[in-house]
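S.K.: These are the residues of each chain, in order.
Number of protein chains: 2
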Amino acid sequence: MKSIAEAKKFYETLGLHIEHEETVEHEQVKTAMLPLGETRIELLEPTAEDSVIGKYLNKRGEGLHHIAVQVADVDAAMAAMQTAGVRLVNEVVKVGAGGHRYFFVHPASTGGVLVEIVGE
Amino acid sequence: MKSIAEAKKFYETLGLHIEHEETVEHEQVKTAMLPLGETRIELLEPTAEDSVIGKYLNKRGEGLHHIAVQVADVDAAMAAMQTAGVRLVNEVVKVGAGGHRYFFVHPASTGGVLVEIVGE
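Those protein sequence lines, which keep their order, are chains A and B.
Residue numbers for the first sequence follow our numbering, beginning at 1 and rising by one.
Residue numbers for the second sequence follow our numbering, beginning at 1 and rising by one.
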């Protein structure tokens, strides 16, 4: 499978549809957002074999990559986790496409789940 | 980690808390629900090594196990998927604790993601 065009077919049987599709050049990934109530499912497709997602697919296969939780204050969330001794992937908040701010929490502190914390 | 008591510590740094904890005896699993907007995160902890979740943890390690999508009509969702040739884990709708109706979609049809379809 490994393609958004293929993966979306299943979600369409649930009545879900792609609202927004975008290629993030510097991350070599194509993304598609399927809104679902207050949340959304994000499909990821690598544009290069040696990209982060391309390598992940080759090593681990397809599946759930991460979950994202939206918070009102990204900096306060990072500070609270650092105080609690939570291991982070990024110790400095990153700024992505559209100016949204985010960081990733290391799976070692979450029971094996890669968690993205993203601002509003 | 492998315990709800340990795993919840991370989510508490995000201000999330367990609303409901329950042991499902016939599935040999303890579950904890953390509400998050319109959705919720479910933590799973096996009560026996040779249970479905116990064996999963021993084989694959901790991580994201599945996602669940709530639909208005479980039977219609199953019929739509069968018509589309989607591979299902259960070809008959199951009835769980509290009478909720559900079935699982096979990862082969979803890009490697175990998906639960659950009624309202």
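To be clear, the hints were calculated from the coordinates, so they are not data collected in a lab.
Heads up, a few of these hints could be off.
Heads up, simulated DSSO-like pairs for lysine-lysine below, C-alpha to C-alpha not over 27 Å straight-line [said to hold, decoys possible]: (1) Lys-59/B / Lys-55/A; (2) Lys-59/A / Lys-2/B; (3) Lys-8/B / Lys-30/B; (4) Lys-55/A / Lys-8/A; (5) Lys-8/A / Lys-30/A; (6) Lys-30/B / Lys-94/B; (7) Lys-9/A / Lys-30/A; (8) Lys-9/B / Lys-94/A; (9) Lys-2/B / Lys-2/A; (10) Lys-59/A / Lys-94/B; (11) Lys-94/A / Lys-59/B; (12) Lys-8/A / Lys-94/B; (13) Lys-59/A / Lys-30/A; (14) Lys-9/B / Lys-9/A.
Derived, one-sided and incomplete: chain A residues facing chain B with beta-carbon distance under 7 Å [claimed, not checked]: (15) Ile-4; (16) Ala-5; (17) Ala-7; (18) Phe-10; (19) Glu-38; (20) Pro-46; (21) Gly-63; (22) Leu-64; (23) Ala-76; (24) Gly-85; (25) Leu-88; (26) Ser-109; (27) Thr-110; (28) Gly-112; (29) Val-113.
Backbone N, C-alpha and C define an ideal beta-carbon position, used for all residues, glycine too.
S.K.: If a hint holds in the structure, say so; if it does not, say that too.
M.R.: Quick rundown of the hints versus the structure:
1. A C-alpha spacing of about 22 Å is found between Lys-59/B and Lys-55/A, which places the hinted pair at or below 27 Å, so the restraint holds.
2. Distance restraint check for Lys-59/A and Lys-2/B: the Cα-Cα separation of roughly 24 Å lies within the 27 Å cut-off, and the hinted pair is therefore satisfied.
3. Taken as a hint, the Lys-8/B and Lys-30/B pair is honoured in the structure, with Cα atoms around 13 Å apart against an allowance of 27 Å.
4. With a C-alpha separation of about 22 Å, the suggested pair Lys-55/A and Lys-8/A falls inside the 27 Å cut-off, and the hint holds.
5. Note on Lys-8/A and Lys-30/A: the hinted pairing holds, with a Cα-Cα distance of about 13 Å set against a maximum of 27 Å.
6. Proposed proximity of Lys-30/B and Lys-94/B is supported: the alpha carbons are some 19 Å apart, at most 27 Å.
7. About 17 Å separates the Cα atoms of Lys-9/A and Lys-30/A, which keeps this hinted pair within 27 Å; it holds.
8. For a cut-off of 27 Å, the pair hint linking Lys-9/B to Lys-94/A stands: about 24 Å separates their Cα positions.
9. For the suggested pair Lys-2/B and Lys-2/A, the alpha carbons sit about 30 Å apart, so the restraint of at most 27 Å is broken.
10. Taking the CA atoms of Lys-59/A and Lys-94/B, the gap is near 34 Å; set against the 27 Å cutoff, the hint is violated.
11. Our distance criterion of 27 Å between C-alpha atoms is broken by Lys-94/A and Lys-59/B, whose separation comes to about 34 Å.
12. Pair hint Lys-8/A plus Lys-94/B holds up; C-alpha atoms about 26 Å apart against a cutoff of 27 Å.
13. Between Lys-59/A and Lys-30/A the alpha-carbon distance is near 19 Å, which keeps this suggested pair within the 27 Å criterion.
14. With a C-alpha separation of about 37 Å, the suggested pair Lys-9/B and Lys-9/A falls outside the 27 Å cut-off, and the hint is violated.
15. With a cut of 7 Å, the hint placing Ile-4/A at the interface with chain B is violated, because the nearest CB-to-CB distance is about 9 Å.
16. The beta carbon of Ala-5/A is not positioned within 7 Å of any beta carbon in chain B (closest approach about 11 Å), and the interface hint is therefore violated.
17. Interface hint status for Ala-7/A: upheld, as the beta-carbon distance to the closest one in chain B is roughly 4 Å, under 7 Å.
18. Satisfaction of the interface hint for Phe-10/A is found here, the shortest Cβ-Cβ separation to chain B being roughly 5 Å, below the 7 Å cut-off.
19. The beta carbon of Glu-38/A comes within 4 Å of a beta carbon in chain B, closer than 7 Å, and the hint placing it at the interface holds.
20. Taking 7 Å as the C-beta contact cut-off toward chain B, the hint placing Pro-46/A at the interface is violated, the least distance being around 13 Å.
21. Satisfaction of the interface hint for Gly-63/A is found here, the shortest Cβ-Cβ separation to chain B being roughly 4 Å, below the 7 Å cut-off.
22. Annotation: interface hint on Leu-64/A holds; nearest CB of chain B at approximately 4 Å, less than 7 Å.
23. Using the Cβ-Cβ criterion of 7 Å, the hint placing Ala-76/A at the interface with chain B is not satisfied: the shortest such distance is roughly 10 Å.
24. Restraint check, Gly-85/A versus chain B: the minimum CB separation of about 9 Å is more than 7 Å; hint violated.
25. Hint status for Leu-88/A relative to chain B: violated, with the closest Cβ pair at about 11 Å, above 7 Å.
26. Hint status for Ser-109/A relative to chain B: holds, with the closest Cβ pair at about 6 Å, below 7 Å.
27. Annotation: Thr-110/A was flagged as interfacial toward chain B, and the flag holds, the nearest CB pair being 5 Å apart, inside 7 Å.
28. Using the Cβ-Cβ criterion of 7 Å, the hint placing Gly-112/A at the interface with chain B is satisfied: the shortest such distance is roughly 3 Å.
29. Restraint check, Val-113/A versus chain B: the minimum CB separation of about 5 Å is within 7 Å; hint holds.
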